[in-house]
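Trainee: Protein sequences, first through last, are from chains A and B. For the first sequence, our numbering gives the first residue as 1, with consecutive numbering after it. For the second sequence, our numbering gives the first residue as 1, with consecutive numbering after it.
Bear in mind the hints are in silico, worked out from the structure with no lab data behind them. Any given hint could turn out to be false.
[Said to hold, decoys possible] Below, a list of computed lysine-lysine pairs in the DSSO-like style, where the Cα atoms sit at most 30 Å apart: (1) Lys72(A) <-> Lys105(B); (2) Lys72(A) <-> Lys109(B); (3) Lys185(A) <-> Lys49(A); (4) Lys185(A) <-> Lys105(B); (5) Lys72(A) <-> Lys185(A); (6) Lys307(B) <-> Lys49(A); (7) Lys307(B) <-> Lys185(A).
[What the hints assert, rightly or not] Here are the in silico distance ranges between beta carbons for each label pair: (8) Thr161(A) <-> Ala311(B): 19 to 29 Å; (9) Glu114(A) <-> Asp409(B): 54 to 64 Å; (10) Pro283(B) <-> Ser154(A): 44 to 54 Å; (11) Asp344(B) <-> Arg163(A): 39 to 49 Å; (12) Glu269(B) <-> Leu175(A): 37 to 47 Å.
Even for Gly, the Cβ is constructed at its ideal location relative to N, Cα and C.
Here are the chains, one letter per residue:
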Amino acid sequence: MRILVCVKAVPGSTEVKMDPKTNTIVRDGGSAVLNPFDASALEVALALKDAAAAGDPVRVTVLSMGIPATAKILRDCIARGADDAILLSDRAFAGADTLATTYALSLGAAAMGEAPDLVLCGKMAVDGDTAQIGPELAGALGIPCVADVAELVSLADGALTVRHATDAGVATVELALPALLTVAKDIAQLRMPSIAGVRAAEDAPVRVLSAADAGADSARCGLAGSPTQVVRSFVPERSGAAERVEGTAAGQAAKLVDLLGGMGL
Amino acid sequence: MIDIHPLTADFEDYLRDESRTVGSAQSISFPESEAEVREILARTAPSPVTLQGARTGLAAGAVPEGGHVMNLSRMNRYRGLHVDGETGRFHLCVEPGVILSELRKRLAKREIPAADWDEASLAALARFEQAPAQFFPTDPTEASAELGGMAACNASGARSYRYGAMRAHVSAVRVVLATGDVLALRRGEARARGRRLDLTCEDGRSLSLDLPTYVMPAVKNASGYYVADDMDAVDLFVGSDGTLGIITELELELLPVPAVTWGVSCFFEDESQALDFTIAARPVLGGRAAAFEYFDGAALSILRRQKSASAAFSGLPQVPERYRACVFVELECDDEDQALESLDAIGRAMGEVGADERDTWVARTDVDRECQRFFRHAVPESVNMLIDERRRTDPVITKLGSDMSVPDDRLHDVVALYRRTLAEAGLESAAWGHIGNNHLHVNVLPRDAADYAAGKELFKRWAAEVTAMGGAVSAEHGVGKMKRDFLLTMYGPEHIAEMARLKRRFDPEVRLNRGNLFAASEAEGQPVPAAFAAKGDE
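So here's chain A without its partners, still in its complex pose (with noise of 0.2 Å):
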């Protein structure tokens, strides 16, 4: 069986610096962190793995579209018990939304050389909170999505049975592989490397590709292939203004109330 973790390299910080002209996310890899949604969906695939029969094992890829710094972080997964990684890095790739990350990765997906059975990205990333990752790469690769996916029930006989959260609550769906899962982050806690993973991850080869590697065409990568125009972004300024309502509970009520509809709610 193979399973593809996608994983994102997001700022380590809170303090993210934007580009003033593209209104997007300087990515200088000084201090970028795994998307703690990705880490989850990695362990997801470790445990499948590691619970995995002798006679069928499971082979675990990392991919990622990235700067080259990016690899440092392929290698920490392969560390942790992933098998290969896969890093798109270009500059033909800067600058992408979600349809040309998703163009992109299905690239990489088929750079692999067989086809994944089983897809797994974490919800969403902690940079751009779009969520729209993993459905789109679903349906550029055609096969089924279940999206915020709380927990895998069952895998057998290519069959899976998770339950994901809903706007109604929480359903359990059954589906065929091959499929994609997008995963809560409380879904796993991603384990850490041992001695002896650090080691051989040390001595693990990242496959880079560019795009042309990657067989890219050029008008559906990075900028150049994002209908998303970022007119303006900027952090909303706090105000640490507050009011205080004293009084009784109706006379609380009350005020409320009138504040409330002055604030034109």
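Dock chain B against chain A, hints included.
Mentor: Chain B in isolation, oriented as in the chain A frame:
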């Protein structure tokens, strides 16, 4: 004039500390300056005065035995900074009420309040802002501790394996004596000649002191006054449990943050492997190991139970059942190649003792480091919760945690002693702590009052046997009021009497921190009774 409050119910919290011992007092004050400290001393004379900070101590050093409580938490200003011309190191002057966690944040963010600093300090601050990141290495588990209390008990922490205890990082102190005199001491400026120490107060009054004559064991030690031939006067006050004077300022030596810090949790299927690993890995890793911490099988079992029982602990990593012991090593290296070499060395040392390097957790990211920190701190927290639960049925029960250290070559012996005697007494326990310094906190987990009494007896026996091994009865928590019997065992009545005489030279009316290190009667000069087990007596 500073307020002196009657110690009413509003101030009851100030009668206890983390030792969970409750004392008594008649009044309390919260001075904000050295002048107010002196004013309070004068106004409360001749009452006893117990000094306090955050009350995070585990030896009841801040618990009053009557009289006045002087809480120094409001003396929390940053007073200045200078750069040592020879070493290039920064020295930050703080008041005793500065909280460790706040100091760490301010150093990390380089946001030190400097509103009233002089020009020299501001110039040093400008250099500090451009220099590589700095830190203060003393790291007790309880980061809400205040620097004054940490100095008073010569606090340590995990990283004291590499950096030593607090004493090594205090470069100057200002001390108000019980008489109101002020000593301003800077390391290197006032040294003893042999065991004779001459000091001069700011007003010119001189003090000629005979230091106690005992030889301190060559182990991690926070037991009694630090004394050594030709010692520095600063070292006498650090670790004196607030019995000699009131520290109103202290200067902390800062160090550059290491380039690479990785944590490695190594798991073993039995305890003897963990001890052998420690003995094998210590010399190989040398200065690259900042911490060597231990968690025994019972501690790991408690964590497993907590993880499944409590939502607050659900984020703990899963510890497989076959793991019966864990040694955590914190590596500090100049670069990642050096850290990788150190990982190899740890792997080899595990192999030598029959363990497997695959049974490790290597934390190289902030997320993983935080996970390991949570794991390490969850152990004492879980045990405290367990004890609190048992207290509900039997209020006499409190935590019984040992704090003793032995020389390197006695590590196996002391662990064998703990295991044998705990089994003989039929007591439940969990052990963790600073195995690199042969310093474990063995915690008896009493199920009832009989267990509690048996545990206390056991600790007395350990104090005698650890002393016979050349160890210390308190390695880091200080002696306070909880361990003064152990101090008597360690040094014997003659040396306790010497300590009491030294105290009276600074504090003739025996006002400060009565009951710490020795009973008030002994401090006043009454004969010290023979120890419950003579030194070296097994």
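Trainee: Take the hints in turn and mark each one as holding or not.
Mentor: Hints and how they fare:
no.	hint	result
1	Lys72(A) <-> Lys105(B)	28 Å, holds
2	Lys72(A) <-> Lys109(B)	26 Å, holds
3	Lys185(A) <-> Lys49(A)	19 Å, holds
4	Lys185(A) <-> Lys105(B)	28 Å, holds
5	Lys72(A) <-> Lys185(A)	22 Å, holds
6	Lys307(B) <-> Lys49(A)	24 Å, holds
7	Lys307(B) <-> Lys185(A)	18 Å, holds
8	Thr161(A) <-> Ala311(B): 19 to 29 Å	26 Å, holds
9	Glu114(A) <-> Asp409(B): 54 to 64 Å	58 Å, holds
10	Pro283(B) <-> Ser154(A): 44 to 54 Å	51 Å, holds
11	Asp344(B) <-> Arg163(A): 39 to 49 Å	43 Å, holds
12	Glu269(B) <-> Leu175(A): 37 to 47 Å	41 Å, holds
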